[in-house]
Amino acid sequence: MGEFGPLTQAVIDGNGKKVLELVSKALGEKATPASILSEHLIPGMIEVGKLMAEGEYFIPEVLKSAKSMNGALEILEPLLAQGGRESAGYVIMGTVDGDIHDIGKNLVCMLLKGSGFEVVDLGVSVPLAKFVEAAKAKDGKIILGLSALITPTLDEMPVVIKAIEEAGLRSRVKIMVGGAPVTKEFAESIKADGTAPDAPSAVTLAKSLLAA
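Per my numbering, the sequence shown starts with residue 6, numbered consecutively.
Mixed in with the good hints, there may be bad ones.
Cβ-Cβ distance ranges computed for the label pairs, FRET-style [as the list claims (entries may be wrong)]:
| hint | residue 1 | residue 2 | range |
| --- | --- | --- | --- |
| 1 | Glu171 | Glu123 | 42 to 48 Å |
| 2 | Glu170 | Asn75 | 33 to 39 Å |
| 3 | Val164 | Glu59 | 22 to 28 Å |
| 4 | Leu133 | Phe191 | 14 to 20 Å |
| 5 | Ala86 | Asp160 | 34 to 40 Å |
Worth flagging that the hints you see were computed from the coordinates, not collected in a lab. Note that beta-carbon positions come from the ideal geometry of N, C-alpha and C, so glycine has one too.
Using the sequences and the hints given, assemble the complete structure.
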């Protein structure tokens, strides 16, 4: 593990109390909410993602870190909104119908929010119609993120994509898919616009899809 500042390290350690103390201290010292997010909190969650990928962190550690990050976001999000930070884009996220796993999705949502995206999290085991309704509710170019952790539920992804096409939304809805069993080849075979192996890569992908 590399050298991190105290706030970043507190996120990595999942020390929610210390995270809140250090965020409050930073705000008191006139640090901007955006800089606290981008320079301290997001690097912490990126490191957590790496530690999980390397097998050093498991679900309990990831959940502790995610909870500490969420606590900080509850303080920072209203301040970011007041500051008039320009949105990086609009993302709808959800785990497909039949799948109740959400840790990966939640990490992606967190990093997207921290990177300036407006995120609508539909939750887990999301019915097909709910994805379509959410996409219809927002005008303009948006991203729909579909997550699955168990192989049998992968079959739901092309069903959602087809429904988005049939609703006449596909030209403005970019679709990214993710989860442990999702490969680049699978994403291409179902005509998704892309996939990412981890949460930080998903943020990069989202930015590139909206810029295209």
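Checked hints:
1. Judged by the Cβ atoms, the range 42 to 48 Å given for Glu171 and Glu123 is violated: they are separated by roughly 26 Å.
2. Between Glu170 and Asn75 the beta carbon distance is about 34 Å. The supplied range of 33 to 39 Å therefore holds.
3. Look at Val164 against Glu59: about 34 Å separates their beta carbons, and that is not inside 22 to 28 Å.
4. Between Leu133 and Phe191, the C-beta spacing of about 19 Å keeps the proposed range 14 to 20 Å intact.
5. In this structure the hint that Ala86 and Asp160 lie 34 to 40 Å apart at CB holds, the actual value being about 38 Å.
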